[in-house]
Each structure stands twice: as C-alpha cells, then as structure tokens.
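Going line by line, the protein sequences match chains A and B.
Under the numbering used here, the first residue of the first sequence is numbered 1, with each subsequent residue one higher.
Under the numbering used here, the first residue of the second sequence is numbered 360, with each subsequent residue one higher.
It is worth saying that the hints were derived from the structure and are not from the lab.
Some hints could be false.
As the list claims (entries may be wrong) - Subject to a maximum C-alpha distance of 30 angstroms in a straight line, what follows is the list of computed DSS-like cross-link-like pairs (lysine-lysine): (1) B:K610 - A:K263; (2) B:K477 - A:K252; (3) B:K567 - B:K419; (4) B:K567 - A:K263.
If you want the building blocks of each chain, they are given just below.
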Amino acid sequence: MDWAGLLGWVSIGLGDLDLIKFLFFQFGAVDFRSDPNSLSPVSVFPIRGLDWIRLCIAMNYIIGAFKPACHISFTFFDGKSRKQVPSKKENGQTLMVPLFQSQENIVGKISIEPVSGKKVEHNGIKVELLGQIEMYFDKGNFYDFTSLVRELDVPGELYERKTYPFEFSTVEMPYETYNGVNVRLRYVLKVTINRGYAGSIVEDQDFVVRNYTPPPSINNSIKMEVGIEDCLHIEFEYNKSKYHLKDVIIGKIYFLLVRIKLKNMDLEIRRRESTGSGANTHVETETLAKFELMDGAPVRGESIPIRLFLSPYELTPTYQNINNKFSVKYYLNLVLVDEEDRRYFKQQEITMFRLAETS
Amino acid sequence: MMISNGIEDEEKWLAEGIAGIQHNAFYLHRALDSNNLREALKYSALLLSELRTSRLSPHKYYELYMRAFDELRRLEMFFKDENRHGCSVVDLYELVQHAGNILPRLYLLCTVGSVYIKSKEAPAKDVLKDLVEMCRGVQHPVRGLFLRSYLAQISRDELPDIASEYEGEGDTFMDAVEFVLQNFAEMNKLWVRMQHQGPLREREKLDKERNELRDLVGKNLHVLSQIEGVDLEIYRDTVLPRVLEQVVNCKDELAQYYLMDCIIQVFPDEYHLQTLETLLGACPQLQSAVDIKTVLSRLMERLSNYAASSPEVLPEFLQVEAFTKLSNAIGKVIEAQVDMPIVGAITLYVSLLTFTLHVHPDRLDYVDQVLGACVKKLSGKAKLEDSRVTKQVVALLSAPLDKYNDIVTALTLSNYPRVMDHLDAATNKVMAMVIIQSIMKNNTCVSTSDKVEVLFELIKGLIKDIEGTSTDELDEEDFKEEQNSVARLMHMLYNDDPEEMLKIINTVWKHIMAGGPKRLPFTVPPLVFSALKLVRRLQVQDGDVAGEEVPATPKKIFQLLNQIIEALSVVPSPELALRLYLQCAEAANDCDLEPVAYEFFTQAFVLYEEEVADSKAQVTAIHLIIGTLQRMNVFGIENRDTLTHKATGYSAKLLKKPDQCRAVYACSHLFWVDDQDGTKDGERVLLCLKRSLRIANAAQQMVNVTRGSSGPVTLFVEILNKYLYFFEKGSPQITGAAIQGLIELIKTEMQSDSTTSNPASDAFFASTLRYIRFQKQKGGAMGEKYDPIKL
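Please build the complete structure, drawing on both the sequences and the hints.
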C-alpha cells in the first residue's frame, strides 16, 4: 500500500473534534509477558477501571470543614485569553483550569475578603507555586519537586477585601501534569494566611502544565515478523515508532502462514505506569483502546490494513523516569483471537510525544 | 428434529437482529431529526453491530442487511447536508473511523466515502482506492461479501467513467476499472473461501448458500461491462486477463462455472470474438468438475446469434479464425477432462456444429471435422445405450440437414455415416427417417450413384435387418411407414445422364436386394418404375445415341428388370410380379424389342399358371394381361397369336361363368386394335362375342337351375355394348341385325317371369337403348348405319 499517499489525505485539521468523542470499545486489560519474541496465549486478568476514585482527602479540606474566615480568589493576568483545560479533581469533579507550559511567567492577583466584616489577624500571607508528586501507596504525602514562594503581606490584620499582585517569572516546570493510577503530578498555587494557633487559612489553585516537543528527527517504522512455528506466521508494520497525541497509526499485517482458525484481530493501546524504584517498584497497566482490525479468518497472503486515529483517546506523552518517581510508557498490542478464544499477541513499545498545536 | 430446531433458532436470531436494528433505528431517527451528529454516529454504529452476527444463513443475513441498508440511506442523506451536522466531509471521514468495531466502522466509512466523492473534495479514485483497501479488514466470507457489495452498490454512480462528472483531474475510467476489478477479486476470494467454513457433512448446504450469494460477486462483472471506457482494447489487455486470473486461480468449481458463464453473458459478443483465444485458453485450466460444456455451449450459442444478427460481422469471425480456436479449445477440454461423460463431449460438438453452421455455412469441411472429432470420441465405445447421448447424436446429425435443407450436402460429409454407426438400431432408424423426410420436404434430388451409395449406407437401418435386433417388436404400421418412405425416396434419385441413372439404379438394387422378403414388395415397384422411366427416356433419344458402346441401353435395363422382378419370387408376391412384368412388357413394346416383350409376357403367363391360384386374383390378372396385350404392337403374327390364344384360353377357363363371360368379351379387343395399322380381325371378334353370349346364356341357365330364377340381364347388356362398339368401329362381321337380335333377346329375358328385375341392369339397358336412339336421330353416316336397327 502506498502509505505516503494515504497519509497525504488523512492528515486533516482536528479543530474541536476532540470534543466529540464516541468510544465504541469496551475496556479490557490483559496481562502480558515480557518475552519479546514470541506470541503466546495468556489468560485474561480481572479488569480494573480507569475511573477508580481515590479516597485520599487532603488536610486543607479538613480545615475547610470549619467555616472559613475569609474568601480567597485567584485572577490570572491573562486569564481571559489563556487556554483552559479540564482537570479532574480528587472527588471526581472536572474543573476548567488554566494551561501553562515551562518557562512561562505566571502572573496574577489574589484577593482576600474577610467574611462579613470580621477582622482576620495573621502572621503574614504568602503564595507558593508547588510542583508535587503524590504516590498512591503514600497518600497525602506530597513530594515537592518545585517550590517557589512570594511573601504577600507582613503580619497584621485584615478588615476588608485586599488584593495582592504576584508574579513568578520564567518558571521552570519540566514535568507535565499527570493523573495516573498510582501516581499524580500536579501544579498548584497555594495561598497561606498564617494564623499561628488559630490555624492557617490555605487556598489552592490548580493549573495544568503541558510541554511541547518538536517532531523527532529520526522516526523509524516498526516492522517485525513473529509467529508460532508451523502454526501462525505474521509480519506487521507500524509506520512510525514515535507518535504525537493526535497522530494516526498506519500499518498493515501480512499473514505468511495461517493454520489456526482466527476469529478476529484487535490492536490495543496500553499504558504502563511504573512507580517507585527497586524492590518497591509498582507497575500498573491499562488498556486505553481496543480497536478491531480484522473480522473473520484470513488465509495465507492476506494483508490487513491498520489505520488508528489516536485523537479519541486520552493519551499523554511518554514519561521517562520523572524525578526518579515514576515512568509512563505506551505499547501497541496486537491481539489475535482464535475460534476457541485463545489469544495470541505481540506488544511493541511506542513513544508518545506532545506536538505543539498549530491552531 | 435437529434441522427444524436449527431453522427455528435462525428465525429467532433474525428476529432478534431485526429488533436490534429497529431499536437503534428509533434513536438514530431521533438523532437525525435533531441534527445531533454524535448521537447519530453512536446509534448507527450500534445498529450496524447487528450485522456482526455469525448465526444467520446468507439468506437471512440478506434480510438483516437490507434493513440496515435502508437506514444507511437515511444516514447518507444526513451526511450530505453539512448544514445539519456542521462537520466537513473530510472530518466526517476521519470521525467514523474512530469506531472500535470494524464492521460498523467500514459500513460508515463507505457511506461517508460516497458523500466524500460526491462533494468532489478529494479525487474519486483516492477515496475508492482507500475504501476498497480498508475493506480487507473483514475476512469473514458472508460479512465481507455483503460489505463489499454495499461498497459496490454505493460507488456505482460515482465511478469516474468517461463523460461522468467524476472523471478528469487525474481520475480516469481506468481507476474505476481498477477499483471494480479489485473489489471483484476480493469478493471472489471471500466467496470461494466460504466452502471451507464448517464441517464437511454440511457441504451441500454450504454450496446452496454459496449459490445464493453468487450474484453479489457477479454484479461486479456487470458493473465492469457498464463502464463506458472499457473498450475492446481495455477489455482485452486488462479486464479479461485480470478476471480470468481470478477465475483460474480460485480453483473452485462452483465459482469457475458461474464466473465463466457470467463473463460470457455480461460482455459484448464482439469482445468475445476478439478475445476468443484468451477466453478459451482458460477453459482447460479449470477444475475438472466444472461443467465446461455448458459454458462453451453458451459461448458458441451467443456467437452464433451474433453472427446471425448481421452479415457485416462475419468477416470478423473469419479474421479471428473463430472456428479453429473453438475447435481446438473443445479438443483440449475433452482431453483435459478425462471423466467427462460422453454426453458432455457430444453436447459440446453439437454446439460447435451449430456455431459453424451459423457462421460458416459454406465450410463443409468444418462440419465434417466436427463430425470426425465426434467419431474419434465415440470410437472404441459400444453402441450407445444412454438415451441422452443418442438424443445428442441425433441433434448433431440433424443440425446439418436443417441448415442446408439439402441432404446432398450432408452426403459429402465422410464422417456423417460413421457417426450414425454408433447409434443403436432404433435411433438409427429414427435418424434415417429424419434424413428421408428432409429430402422429401425439400424436394432434393440425389443425382449420382456415389451419393446414392452414401445415402443408402446412411439409411441402411431401414433398408435391411441389422444384426442383433429382434424383428418381433416391430410395429407393423411403423414398418409400413418406413418402407413407404424408402419407396418415396427412390423417386428422388435422378440424373439426366442415363448412364449415371443406370448406375444409380444398380446401386439401389444392390442395397434393396438385401432387404429380405418383407421389404421387397415395398421397394421393388418404385425401382422398377424408376428403371422404366429411364427406358422411356432412352427410347426417345434412341436415334441419336446409337452404337454398341453405350452402356445404358434399354436391353440391359430390361435384363436388370428381369432380375429385379424375379427377386419377388422369394416373397412370394406373384400378383405384384405379374403386374410389373406387364409394365415391362409394355415398355419393351415401346422400345420395339419384341423378344424382350415376349419374354416378359411369358414370365407373366408362367406366373399366372403357376402362382396365381386365387380365382379373384386370376380374374384381375387376366384382365391386366388382356389390357396390356391389346396395346402391344411389336409382336409378329406368330407371337401375337400364341399370346392371344393363351389369353383367350385362360379367359374361358376362369372359374365363375360371369367372369368367363367378361374375360372372353374383353378378349375380343385383342383382335381389333383401333389404330391405323392395328389388327382388325372382325371374324375373330365376332367369335369372341358369340362365345361370350353363349357363356352368358349358360350362366343364366345355371342361375335358373340353382336358384329357381334367372339372374339379371347385365351380362347381355354388357355384350350388347361390345357389339355396339365394334359396330361403330366398322367391323363388317357385326351387323345391325345381330344387334337387333340381341336387343330382342334381352327384352324377352327381361319380360320373362322368372327373371328377377335389377334396377342397375335395367337402367344400363335403358341408357344403352337411349344411346342407340340418339345415334339414329343424329343422322349423318353414323345415323344411317344405325338406321336399320329397329327398337
């Protein structure tokens, strides 16, 4: 097949299309074996959903359970023009939050208004910009890999609404915001009104960081011949090894030998998130996409096309050893199912990256 | 029990499928009404998921498919209107590909693809190429076939054909051809693969199901034939080789048979004619179980009709040597398919023969070649017992007769009789009758002894008993009809040249001699008359062609005739032989051959004496003899005397008195020939008449004695009429007085009490008297002559 020709006319403008998502597939997670050169039937493991809700409740919410003494609100300098993206909170709600990238200036105002004219005594007010990593097995314990502080006010009393400008210039934010199964990476602006024994008043404002990378200069295709001796030989090809998040996977599967009765063939996108290090390494694998490539039993010599649009799926770039805490990798898993529901599969890692959006 | 359950289950599954479609169609309609693209896509995909079932037979699946198809039409309308969903067709084309399941995805892709082409935002060929490639994902035969047939269906109006709005800008009809060919190839593969689905014992059911789907595959060929751009060149160089490649390589008998037939039916005849070699070249490569004979027969039938359609196309046939190619192909096919039953081979030859008769009516050698090939195939086989085979052979043999309306043409075919030899006796006879009927119908004249030889060889089933067939079963009626036909046939054998004619007669004689006593009475007379006809002709020419060397002289013919008639003695059929002798005698008389004529008379008398015993037959015979003898003028006085003496003698010796009487008065004519130089012996005439009167008297008395009443006066009136005849002719011995006396005698007899009155004889007498009166009144010479007679 003429790959280039096909690519030429399927690379279409994406626009707001990603808002329209209809996902027909069911999620299913399967275990995999790491032997890279063989396909082998493997049993299906129980499925764990993506939408697992964590029970972790942060300290400041406990404080927040008391009646707050004042209202704190954030306004960004370019808040109206800045892009907002959805962000999932711990309680499952999705909020629209501003989007930044590394080296940007984060500038804005914080206004504090005491409730119903009560005066608020304090030992000083500060705003922090924190980059935090939170591990599932270490709930509530944040590891701050970035921490910047601006003092807003010296100790004193607040009687009425007061507005403080703040600015963090060319902030180094090397890691992207990430919400995984066992790990969370977030950026937050945190205002603290220090009140000593009365308990400090703290307010958070989350924001999302996404970093863009240029297209890789070398991007080889993935091509491999695999099989079970005298039973099934296939050759598959994916046009690239590195895909951006809205990319299209083009490829084909060529059947060299078919002696088993196949029923269908799927291409799965799997995310492998590993956290911790050494003996404490914890690995979680999710199947993000299950895309049927073939229906029915092919015969020798058949070649089945692959064209998988990545835009409908919630993918992130590949993260390699983020602050020695975690890694996120992506795999393409080619699964063949025979008439007795035995599964034969071959997994290949692909690298995901975020391409600057042109629009 | 199992089966009925299976059917019930299938009904149930179909109902479930339909319910699923209807359910989702409801939401789909709602989404379409509210222009909700997202919902529309979701529910159409769910709806199409019903087509993923593997539990339905093709027949039921089709029902399900049609329902989904209707919904897709609606969806397509929606897709067409960008205002309704606000999404460009390019985006739509991507969007539908997000569907996780392949079957709904591809149905949707095809649907959008059709809209995409119509929008002209991308070249049609690119979209088509993409669609046909992507459809490879469905490898399940039934689902794949239906999907691809959907693709074929929706793309039909959008092929970039010549003069279509989708042509141009790098889109040519060749892209359309390429697209259809590819879709065809893939569909054929899927179709062929169907046979491997399921256990062997269900093979029959599978074949039936496959047959139900064949038109889906064949449709592609039809589409190809509709593409304007496919001219002869493209067809020859691209379409046909590619299609045939598929046909041959699929190695599946069902597909091969159907597709070959499809090719033949779908594309124009002139294309077939120009690509015969390629098309025929594929035939021997087909599986041995393929019914090639039907395929080829259809091809030849079409070509025959094409040739018949207009005379202008005939040169094309010659130019491409259609016959040779077909003939070779058939030879190869028969060679390749060892198991082909003989009826198959013969059917092929019949088709080829029909073809060549239509296309090359002037090429008899072709016809003979076909027959020769047939003989070769039949040789070494026993007589054909299979009725289907004989039927085909009869068809084979009848075809040239029907075409040429002229058996003579068929007679030049050396292989024709050799084919006939392979028929069983009954069929052989039928065929022989067909041949004779053809000759009769067309009034064909067979004019040389060689042809006659061949012809009689052909119809020998009728001419003689064939070994090994029992004659008991023969139906008398049929036999008579057959032999009558042979007799009629003999009159069609004719040549103006006496020498050749004699040869013909000799040939025929040689054949019918073997016919045996049952046939000779039928076959001898026509032959005799045919020979006599020749004699008459010679007699006319006699003056011109004199000389000893002339082979066909009346003498020789008469010798032959003698032999021929003699043959009847074995039957025996003396009456017939006697008549024939007399005929010959008369002919000899006309040729002035006294000894020959005398000889024939002798033979006739001998027969009369020795063989004709029945009194009635004797009466007839003697009258024939008298009649013939009367006309003879060749005899000298001595011979004549001998013969007339014999005749009168036998007349007087007949058994019954009235017969005697009549024979004797008939003899009177022997002495009075009303010619210029005929015998006119009034004396002996009178003697005869007087003698007959005596006999009549005696007869009257005998009746009187035995019955007590006199017989009718008929005999007297008859004698009176003879008297009047000779009186008028002027015989001096017959006087008015004698007549007068006879009249008186009759009147007395009539008035006698003892005489029974007979209206017939009374009327006869009355009209005789009236005649005399008329003659008297007429006056003139005759009136004067009659004058003395008083009534």
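Verification of the hints:
The hinted pair formed by K610 (chain B) and K263 (chain A) meets the criterion: a straight-line CA distance of about 24 angstroms does not exceed 30 angstroms. A distance of roughly 29 angstroms separates the Cα atoms of K477 (chain B) and K252 (chain A); the hinted pair therefore holds under the 30 angstroms criterion. Our distance criterion of 30 angstroms between C-alpha atoms is met by K567 (chain B) and K419 (chain B), whose separation comes to about 13 angstroms. At most 30 angstroms may separate the alpha-carbon atoms for a hinted pair to count; K567 (chain B) and K263 (chain A) meet this at roughly 24 angstroms.
Hint compliance for this structure: no hint is broken.
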